[in-house]
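Participant: Construct all of the structure, not just a fragment, from the sequences and the given hints.
Number of protein chains: 2
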Amino acid sequence: MSQLFVRTLREDPADAEVASHRLLVRAGYIRRAAPGIYTWLPLGLRVLAKVEAVVREEMIAAGAQEVHFPALLPREPYEATGRWAEYGPNLFRLKDRKDADYLLAPTHEEMFTLLVKDLYSSYKDLPLTLFQIQTKYRDEARPRAGLIRGREFVMKDAYSFDIDDEGLEASYQAQRAAYERIFTRLGLEYVIVAATAGAMGGSRSEEFLSPSPIGEDTFVRSAGGYAANVEAVVTPVPDAIPFDDAPAAHVEDTPGTPTIESLVAFANANHPRTDGREWTAADTLKNVVLSLTHPDGSKELVVVGLPGDREVDMKRLEASLAPAEAEPAGEDEFKKHPELVKGYIGPQAVGRANTGDEEGVRYLLDPRVVPGTRWITGANAVDKHVFDLVAGRDFVGDGTIEAAEVRAGDPAPDGSGPLELARGIEIGHIFQLGRKYAESLGLKVLDVNGKQVTVTMGSYGVGVTRVLAALAEANHDDSGLTWPAHVAPAHVHVVATGKDAAVFAAAEKVATELSARGVEVLYDDRPKVSPGVKFADAELLGVPLIVVVGRGLADGVIEVRERTSTERVQVAVDDVVAHVEELVRAF
Amino acid sequence: MSQLFVRTLREDPADAEVASHRLLVRAGYIRRAAPGIYTWLPLGLRVLAKVEAVVREEMIAAGAQEVHFPALLPREPYEATGRWAEYGPNLFRLKDRKDADYLLAPTHEEMFTLLVKDLYSSYKDLPLTLFQIQTKYRDEARPRAGLIRGREFVMKDAYSFDIDDEGLEASYQAQRAAYERIFTRLGLEYVIVAATAGAMGGSRSEEFLSPSPIGEDTFVRSAGGYAANVEAVVTPVPDAIPFDDAPAAHVEDTPGTPTIESLVAFANANHPRTDGREWTAADTLKNVVLSLTHPDGSKELVVVGLPGDREVDMKRLEASLAPAEAEPAGEDEFKKHPELVKGYIGPQAVGRANTGDEEGVRYLLDPRVVPGTRWITGANAVDKHVFDLVAGRDFVGDGTIEAAEVRAGDPAPDGSGPLELARGIEIGHIFQLGRKYAESLGLKVLDVNGKQVTVTMGSYGVGVTRVLAALAEANHDDSGLTWPAHVAPAHVHVVATGKDAAVFAAAEKVATELSARGVEVLYDDRPKVSPGVKFADAELLGVPLIVVVGRGLADGVIEVRERTSTERVQVAVDDVVAHVEELVRAF
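The listed protein sequences correspond, in order, to chains A and B. Going by numbering that gives the first Met the number 0, the residue at position 62 of the first sequence is 61; the numbering climbs one at a time, nothing skipped. Going by numbering that gives the first Met the number 0, the residue at position 475 of the second sequence is 474; the numbering climbs one at a time, nothing skipped.
Worth flagging that the hints you see were computed from the coordinates, not collected in a lab. It cannot be assumed that every hint is accurate.
Said to hold, decoys possible - Using 25 Å as the maximum straight-line C-alpha spacing, the simulated BS3-like pairs for lysine-lysine come out as follows: (1) B:Lys383 <-> B:Lys334; (2) B:Lys97 <-> A:Lys94; (3) B:Lys123 <-> B:Lys450; (4) A:Lys527 <-> A:Lys498; (5) B:Lys498 <-> A:Lys123; (6) A:Lys443 <-> B:Lys498; (7) B:Lys533 <-> A:Lys116; (8) B:Lys116 <-> B:Lys533; (9) B:Lys450 <-> A:Lys527; (10) B:Lys383 <-> A:Lys533; (11) A:Lys116 <-> B:Lys450; (12) B:Lys314 <-> B:Lys341; (13) B:Lys527 <-> A:Lys123; (14) A:Lys97 <-> B:Lys450; (15) A:Lys123 <-> A:Lys450; (16) B:Lys341 <-> A:Lys527; (17) A:Lys298 <-> A:Lys314; (18) B:Lys298 <-> B:Lys341.
Facilitator: Following this line, the structure appears as C-alpha cells:
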C-alpha cells in the first residue's frame with residue numbers, strides 16, 4: 000500500500016448518484032476522465048481483468064473463437080445496414096484527414112458479417128461463433144451512474160453464424176448457457192427476461208438483468224415464471240364486446256376539463272353512470288400526441304389512444320416505434336394541426352381510417368381498446384367530451400401499439416398470474432438476429448445441394464465494465480465494497496498497525512508467506528498511517544479477508560476477519576498463514 | 000484446423016509491400032478493415048497476447064504499475080500543452096453530441112500528468128512509474144506496410160514521475176533495461192540509437208530499432224559504438240579557416256547553370272581552380288528554399304545553405320524545425336519573393352543578418368559552412384554566380400541547421416570513426432521529458448523542505464503491434480512465417496496426411512497427449528485437404544515444430560521437423576510425444 004498507486008477519498012464525488020460509482024471512485028478503482036469516460040487505476044484494472052478472464056474462459060468453453068476488431072471503422076458497412084443513420088446522435092462520428100467518414104463502433108454486427116463473408120463460403124464452415132472483448136463507444140445523451148451507462152466501455156460481443164434456424168437456436172442456447180455460467184461464477188444474481196430487439200433488429204432476444212433498485216431497466220415477473228423487460232411485455236387482448244344495444248354516442252358540455260382527473264370528477268357530478276358505480280379514469284380514452292423523429296431526420300406526428308388510467312411509457316413506446324425516437328408534441332406542432340384540440344382530442348377527428356385522410360396523423364390504439372369498449376373521450380372542441388363512444392362502431396385505430404405503462408398486478412401475457420415490477424441492470428443481451436445483417440451485406444454460403452443460402456446470425460453481448468459495476472452494486476455496505484472472492488483485487492488484506500517494528504516484520508512475513516503459497520495479498524505497510532485510517536481503507540477497498548497484525552502480537556495472536564462479518568478470530572501467529580490459506584482455498 | 004477460424008491465401012494481398020504485411024494477411028493472422036486499420040483473427044490474437052504478456056511482465060518487474068486510460072479524450076488537456084494544434088492532421092478529432100471537442104489519443108502524457116496531479120502531492124509519493132497497454136490512434140498521411148505504420152495500433156506507454164533529475168535518470172535507466180529484456184526475450188534484434196525528441200518535447204531520447212531493410216528509420220553507427228537515428232546526428236563542426244589572404248569575391252557570367260552539375264562543369268571549363276584540382280559540387284554553396292507550416296497554420300519561408308554535394312534530408316530538416324512541417328517552396332512563393340532568383344540564389348540577398356531586413360526570410364546554414372570557407376554560389380541574378388565568396392567575411396547565417404543528408408563515411412560526432420548507414424523499424428522510444436508537461440499542467444509536489452517543486456517526467460513507448468510485425472519481418476522465409484518459439488501461436492503443428500483413419504487416430508492421439516503435457520498444439524485434422532496444401536499451410540503459419548503423421552505410420556514412425564530446418568527426423572510412434580515435449584522444453 001505504501002507503493003501502490005491509489006488514494007482513497009473520504010468524500011463522495013459530487014457527480015456520483017449510485018453506490019458503485021461512489022465507492023469505485025472513493026476506493027481508487029476508477030477515475031473520471033470526461034463525462035461517461037473513465038480511467039482504470041491499478042486496483043480497478045485487476046478486478047476488470049478477473050471479470051474478463053471469466054468471460055473469456057466461458058466463451059472458449061462454449062466453442063467461441065476470439066478475434067479483435069478495430070474500434071475505428073469506416074462508414075460504408077454501417078451505411079449498408081442503415082445503422083449509420085439509425086444510431087442518430089448516439090454514434091460518435093468523425094472524418095479522417097482525407098475527409099472520409101468513420102465511426103467509433105457501438106457494436107460490430109456489420110464487421111463480423113463481412114469478415115465471415117470474406118473468409119467462408121460453405122455450409123461446411125458452419126456453425127461458427129466468434130467473440131471479442133473490446134472497447135466500445137456510444138454517445139449517450141445522459142451518461143450516468145459511473146460505469147453503468149458510460150460512453151467508452153468494455154463489451155464482450157459474440158456473433159454466431161448458422162445455415163438454418165435450428166442451427167441458430169442451438170448457437171443461441173450455447174451462448175445463453177455460457178452467460179448463465181459466467182454470472183454464476185462471478186457470483187452475480189441475474190434474471191433472464193424476454194426483450195425487444197431494438198435497433199439491433201432480429202426476431203428474438205433476451206436480457207440478463209442484475210436485480211438492483213438503481214437499475215435502468217424495469218422488468219416484470221410473475222409467480223408462474225414469466226419474466227420480461229417492460230418493453231417486451233405484450234398486453235393480453237380482451238375479447239371484443241357486443242355493442243348492438245349500446246346507446247348512441249352523445250357530446251356533452253364539460254367546461255374546464257382538460258385533464259382526466261377534472262373530466263372524471265365532472266362526469267360523476269353531472270353525468271353519473273346508470274349502474275350506480277362511479278366513473279373512473281379507466282372509463283376515459285386519453286389521446287396523447289407524440290412527435291416522432293425518424294432516422295433520416297424526418298418528423299411525424301402520431302396520436303396514441305389509451306385508457307385514461309394509464310400513462311404512456313416512453314421506453315415502451317420507443318421500443319414499439321424503433322428506430323424512430325419520440326417525444327411529446329410541442330406547441331409548434333399543435334399549431335400546425337388545429338384539428339388536435341389540446342385537452343379535448345377525440346378519435347373521431349384523428350387517424351387516417353377515421354378521417355379518410357391518407358396523409359393524416361396516424362392514430363394508434365392501446366390493445367385494450369377492443370371493439371365494443373365504450374369511452375368518455377374528447378369531442379375535438381374545447382370544453383366538450385363525447386360519452387358512450389364505442390370502439391369499432393364510432394371509431395377505429397390505424398393500428399395498435401404497446402405504449403401504455405405496465406403496472407404491478409397486470410396479468411402476465413402467458414396467463415401465469417399477476418405481474419410484479421422490479422428494476423435491474425442490463426448485464427447481458429442475446430439476440431437471434433436472423434438474416435437481417437447477412438441479407439444487407441450479402442453473406443451467403445453454399446448449402447449441401449450447392450445452392451447459395453443466406454446465413455442466419457445471432458449476437459450476444461456482455462457489458463464487461465457494467466458487470467463490474469453491477470458486482471459493486473450488489474456487494475457493498477456502508478463502509479465500502481465487499482467483493483466476491485473471485486473478482487476481488489486480492490484475497491487477503493494484511494494490515495500492520497502501530498509503530499512497533501516487530502509488528503511490521505511479522506506482518507510482512509505473513510504477507511510474504513501467503514504470497515509464496517499463491518494467495519493474492521494486499522499489504523498495508525504504510526508506516527505513519529493510523530490504525531483507524533487503515534481499517535477504514537481496508538473496508539472501503541473490500542478485499543474479502545482482513546488480517547490485522549497489531550497489539551495482539553505481544554500475546555502471540557493475529558486477528559483474522561472476513562470483510563462482511565463482525566466476527567474477529569484470534570489466531571496463533573504460527574498458525575495464521577495456514578489458517579488464512581485454508582479460508583482462501585474454500586472461496 | 001477444421002474448426003479454426005482461418006483461411007490461408009495463396010495470393011499476396013494487392014496492397015502489401017512488405018513481408019510481414021503479406022504473410023500475416025496470407026496466413027490468416029490479420030485482415031484489413033480500413034487503410035492502416037486491422038482486424039485480429041484468432042492466430043494473430045494469440046501472438047499478440049504473447050507479445051503483450053512479455054511486455055507486461057517486464058514492466059511489472061521494473062516496478063511499473065498498470066493502469067488503463069480511455070482512448071477517447073477531451074480536448075482541454077491537449078490544448079493546455081499545445082499538442083491539440085501541434086499534432087496537426089495526424090490527430091483524429093471529433094465532436095460529441097454537445098459539440099464538445101474530443102480526440103482519439105495518439106499518446107497520453109497529458110492524462111498521466113493530470114492523474115498523478117490529482118492523486119499525489121508529496122515527494123514521498125515518488126518515484127512512480129505507471130504504464131498501460133492500450134489502443135492508440137494516429138491519422139497517418141500514408142499508412143503503410145500493414146502493422147508497421149497503422150492508424151489504430153496497440154502501444155505500451157509508460158510514464159515516470161520523479162522529484163529531481165537524478166531520479167528521472169534512474170527511472171529512465173530502469174525502463175531502458177526493461178526494454179532490453181523485452182526485446183531479448185522476444186528474440187528480436189535491436190539497436191539503441193540516440194534520437195531527437197520530436198513533438199514529444201524533452202531533453203534526451205533514445206530509440207530501439209529493429210534492423211530491417213524495410214524499416215522507415217535510417218540510423219547510423221560507427222565501429223566505435225556510436226549509434227543514432229539520422230535525425231539525431233550532429234555534424235562535427237570544422238575549425239574556422241583564416242581568410243585574411245583570401246581573394247575578393249567576384250561575380251562571373253555563368254550562362255545556363257541553374258543546377259549544381261551544370262555550374263561545376265561550367266566553372267571547370269571557364270574558371271579553373273588555381274591549385275590544379277577540379278572544382279566539385281562540394282565547392283559550391285547550394286541554397287534551398289523551404290516553406291514551413293507552423294502548428295498555428297501560419298507559413299514561413301526559410302533558405303537553407305549547404306554544400307552543393309549534399310541534399311536536404313527532409314526528415315532531418317523537420318526534426319530541426321519541429322513542430323513546424325516543411326516542404327520545398329512552390330512557384331507561388333517564389334513569385335512573392337522576387338529577390339529569390341531560382342537556380343541562382345546567393346546568400347548576399349537572403350537572410351536577416353545579410354540584408355538587414357528584420358522581417359526577411361531566415362537564412363540557416365549547414366554547420367560545415369564555418370567562417371573562412373570559400374564558395375561558388377548564386378549571385379542572385381539569372382546566369383550569374385559569385386566565386387570566392389567567404390563565409391564570415393561576405394555573408395553570415397541567421398543560425399545553423401542540421402538539414403543536410405548524412406552519408407556513409409561521414410565522421411561520427413564522438414570521433415569513433417566513420418559512420419555506416421542502416422535501416423530499422425522503430426519498436427521502442429524512451430524520452431526524458433523533463434518538466435515540460437508537469438509545467439504546462441501544474442504537476443507539483445511538496446519537497447522534503449515543504450516547498451512546491453515541479454515534477455520531472457519520462458515517457459516510454461513500445462509499439463506492441465509493430466513489434467509483432469518486426470518479429471514477422473525478422474522471421475520468415477519464402478514459404479512463410481518462422482516464429483520464434485515464445486511468440487508462435489502454438490509450439491507444435493501436427494499434420495495428419497492421407498485418408499487413412501488410423502493416421503488421423505494416431506495424429507489426434509499425439510495432439511491430445513502433447514496438449515495434456517502443456518504443449519500448445521495446432522492440429523491439422525482437415526479430412527479432405529491434400530498433404531501438399533497442409534504442408535504449405537504449416538510453412539505459411541510458421542509454428543516452430545511440425546509433426547507429420549502419414550505414410551511412415553505403417554512402419555511405426557512419425558516425422559518431426561523444425562520449421563526452419565530441412566532435416567526430417569523419423570521418430571518411433573511411442574517416442575514421439577516425449578521427443579517433441581523435450582524439444583519444446585528446450586525452446
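Participant: Indicate, hint by hint, whether the structure satisfies it.
Facilitator: To see whether the hints hold, each was checked on the structure:
| no. | hint | verdict |
| --- | --- | --- |
| 1 | B:Lys383 <-> B:Lys334 | holds, 20 Å |
| 2 | B:Lys97 <-> A:Lys94 | holds, 17 Å |
| 3 | B:Lys123 <-> B:Lys450 | holds, 13 Å |
| 4 | A:Lys527 <-> A:Lys498 | holds, 8 Å |
| 5 | B:Lys498 <-> A:Lys123 | holds, 18 Å |
| 6 | A:Lys443 <-> B:Lys498 | violated, 30 Å |
| 7 | B:Lys533 <-> A:Lys116 | holds, 23 Å |
| 8 | B:Lys116 <-> B:Lys533 | violated, 57 Å |
| 9 | B:Lys450 <-> A:Lys527 | holds, 21 Å |
| 10 | B:Lys383 <-> A:Lys533 | violated, 84 Å |
| 11 | A:Lys116 <-> B:Lys450 | violated, 64 Å |
| 12 | B:Lys314 <-> B:Lys341 | holds, 23 Å |
| 13 | B:Lys527 <-> A:Lys123 | holds, 12 Å |
| 14 | A:Lys97 <-> B:Lys450 | violated, 50 Å |
| 15 | A:Lys123 <-> A:Lys450 | holds, 13 Å |
| 16 | B:Lys341 <-> A:Lys527 | violated, 73 Å |
| 17 | A:Lys298 <-> A:Lys314 | holds, 18 Å |
| 18 | B:Lys298 <-> B:Lys341 | holds, 20 Å |
In the structure shown, a violation is registered for the earlier hints numbered 6, 8, 10, 11, 14, 16, in ascending order.
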